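Visitor: As you go down the protein sequences, you meet chains R and C in turn. Sequential numbering from 18 applies to the first sequence in our numbering. Sequential numbering from 18 applies to the second sequence in our numbering.
Be aware that one or more of the hints could be misleading.
[Claimed, not checked] Restraint-style ranges between C-beta atoms, simulated for each label pair:
| id | chain 1 | residue 1 | chain 2 | residue 2 | range |
| --- | --- | --- | --- | --- | --- |
| 1 | C | R75 | R | A140 | 39 to 47 angstroms |
| 2 | C | M18 | R | R101 | 52 to 60 angstroms |
| 3 | C | R33 | R | G68 | 44 to 52 angstroms |
| 4 | R | L36 | C | M18 | 17 to 25 angstroms |
[Stated by the list, open to error] Covered by chain C, per the in silico footprint, the following chain R stretches (three or more residues, Cβ under 8 angstroms):
| id | segment |
| --- | --- |
| 5 | 22–34 |
| 6 | 41–48 |
| 7 | 72–80 |
| 8 | 92–102 |
[What the hints assert, rightly or not] Sample of chain R residues with no beta-carbon within 10 angstroms of chain C, all distances over it, derived:
| id | residue |
| --- | --- |
| 9 | G68 |
| 10 | H106 |
| 11 | E108 |
| 12 | P149 |
Derived by calculation from the structure, the hints in this document are not laboratory data. Note that this is a predicted model, so its numbers are computed, not measured. Glycine is no exception: its CB is placed at the ideal position from the N, C-alpha and C atoms.
2 protein chains.
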Amino acid sequence: MLRELSAQECEAMLRRHRLGRVAMRDAAGAYVVPISYAWDQGIVYAHAAPGRKVQLMRRWPHVAFQLDEVEDASCWRSVLVRGRFEEIHDEEGRAHARMLLLKAFEGHLMSVTAGHGQRIHLADAVMFCIRPEEVTGRAEGL
Amino acid sequence: MLRELSAQECEAMLRRHRLGRVAMRDAAGAYVVPISYAWDQGIVYAHAAPGRKVQLMRRWPHVAFQLDEVEDASCWRSVLVRGRFEEIHDEEGRAHARMLLLKAFEGHLMSVTAGHGQRIHLADAVMFCIRPEEVTGRAEGL
């Protein structure tokens, strides 16, 4: 039975995961990469090495962020966040985002890394958030 | 240690999975949804209910298809297929795609379903493939 997830169920999934996938527009069509993130106060916080992904999101900030929990093809949950990429430039904001990521990853600084990007120290990373405009979820069998 | 996956490793991942995520352009930016698929002879075969996802891919056929295997933030593999959406219209091609999906899902017709779409019988579904233009993969700790 296919059903919509409630706002609370979407929020719970966003809280319990640490890795999602961000999809963005590119010149040809679309691009998608896994990212580590922290969810706080309704916002997705993440970091990235300067590179393709960041360039694309700066140019086309309307992105989609997706999470799923799959047991099999008829037993799964999926959450889709549609929202805006916002780069965090000010030092206070960067420090706050770093703190959230460190907390989410229990202080394993080196374990916070970009998916199809390069390993980078948090202090040198581009810090950004995805500010949701719409959060929806579907599930089947769960 | 971040490393590139070989073509053989990418192929092996595409063979062993049944669920991936397809990202596509939309009017605002990008959209991403999980899809069930079968990999055969270097091509991703899938089906969908007629709806938003199909409309978007018809309009912007250059899509990205992604798979990952994650143990934790420093131990994962990810494959990215960039390619073209191609709808399968002829009955012979549709029958072939249906057969591949049935085989991949061991005959559980009802278990083949679209992620953020609606449940639909294979016979009534839009059948399509994603023809890869580029397949790349990264891994860390695996």
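Visitor: Which of the listed hints are broken here?
Guide: Hint check: 2, 3 and 5 fail, others pass.
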